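Peer 1: Sequence:
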Amino acid sequence: MQKEDLVDEDGKIIYDNIIKKYPWIVKENQKCILSPDSDGLLCGLFMSKFLN
Numbered sequence: 173m174q175k176e177d178l179v180d181e182d183g184k185i186i187y188d189n190i191i192k193k194y195p196w197i198v199k200e201n202q203k204c205i206l207s208p209d210s211d212g213l214l215c216g217l218f219m220s221k222f223l224n
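Each step along the sequence shown adds one to the number in my numbering, with nothing skipped, and position 8 is 180.
Because the hints were derived from the structure by calculation, they are not lab data. Just so we're clear, the structure is a prediction, and the values are computed from it rather than from any experiment. Glycine is no exception: its CB is placed at the ideal position from the N, C-alpha and C atoms. A hint or two may mislead.
Unchecked claim - Okay, the calculated beta carbon distance ranges per label pair:
(1) Lys184 - Asp211: 19 to 29 angstroms
(2) Asp177 - Pro208: 27 to 37 angstroms
(3) Glu181 - Lys221: 17 to 27 angstroms
(4) Asn201 - Glu181: 34 to 44 angstroms
(5) Leu223 - Ile185: 17 to 27 angstroms
(6) Asp182 - Asn224: 12 to 22 angstroms
(7) Glu181 - Leu206: 12 to 22 angstroms
(8) Leu178 - Leu223: 18 to 28 angstroms
(9) Met219 - Asp188: 15 to 25 angstroms
(10) Asn189 - Met219: 14 to 24 angstroms
(11) Phe218 - Lys192: 18 to 28 angstroms
What the hints assert, rightly or not - Derived DSS-like pairs: lysine-lysine, alpha-carbon spacing no greater than 27 angstroms straight-line:
(12) Lys221 - Lys192
(13) Lys199 - Lys221
(14) Lys193 - Lys221
(15) Lys221 - Lys203
(16) Lys203 - Lys192
(17) Lys203 - Lys193
Using the sequences provided together with the hints, build the complete structure.
Peer 2: Next up, the structure:
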């Protein structure tokens, strides 16, 4: 899978292809490092809620 396979011709992200290429993104119960800004904190809350 090439980088070009991750977006369509309109530049929209193809989420299914991202998950196929990087399955660890949606793996449950894994540790990760988040940034200390508001985006990182919101991402952490989301991941905790949906991926434990």
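Peer 1: Decide, hint by hint, whether the structure agrees.
Peer 2: Hint by hint, here is what the structure shows:
| no. | hint | result |
| --- | --- | --- |
| 1 | Lys184 - Asp211: 19 to 29 angstroms | holds (21 angstroms) |
| 2 | Asp177 - Pro208: 27 to 37 angstroms | holds (33 angstroms) |
| 3 | Glu181 - Lys221: 17 to 27 angstroms | violated (34 angstroms) |
| 4 | Asn201 - Glu181: 34 to 44 angstroms | holds (37 angstroms) |
| 5 | Leu223 - Ile185: 17 to 27 angstroms | holds (19 angstroms) |
| 6 | Asp182 - Asn224: 12 to 22 angstroms | violated (34 angstroms) |
| 7 | Glu181 - Leu206: 12 to 22 angstroms | violated (33 angstroms) |
| 8 | Leu178 - Leu223: 18 to 28 angstroms | holds (21 angstroms) |
| 9 | Met219 - Asp188: 15 to 25 angstroms | holds (19 angstroms) |
| 10 | Asn189 - Met219: 14 to 24 angstroms | holds (21 angstroms) |
| 11 | Phe218 - Lys192: 18 to 28 angstroms | holds (21 angstroms) |
| 12 | Lys221 - Lys192 | holds (22 angstroms) |
| 13 | Lys199 - Lys221 | holds (13 angstroms) |
| 14 | Lys193 - Lys221 | holds (23 angstroms) |
| 15 | Lys221 - Lys203 | holds (14 angstroms) |
| 16 | Lys203 - Lys192 | holds (20 angstroms) |
| 17 | Lys203 - Lys193 | holds (19 angstroms) |
Violated hints, listed in ascending order, are 3, 6 and 7; each of the other numbered hints is respected by the structure.
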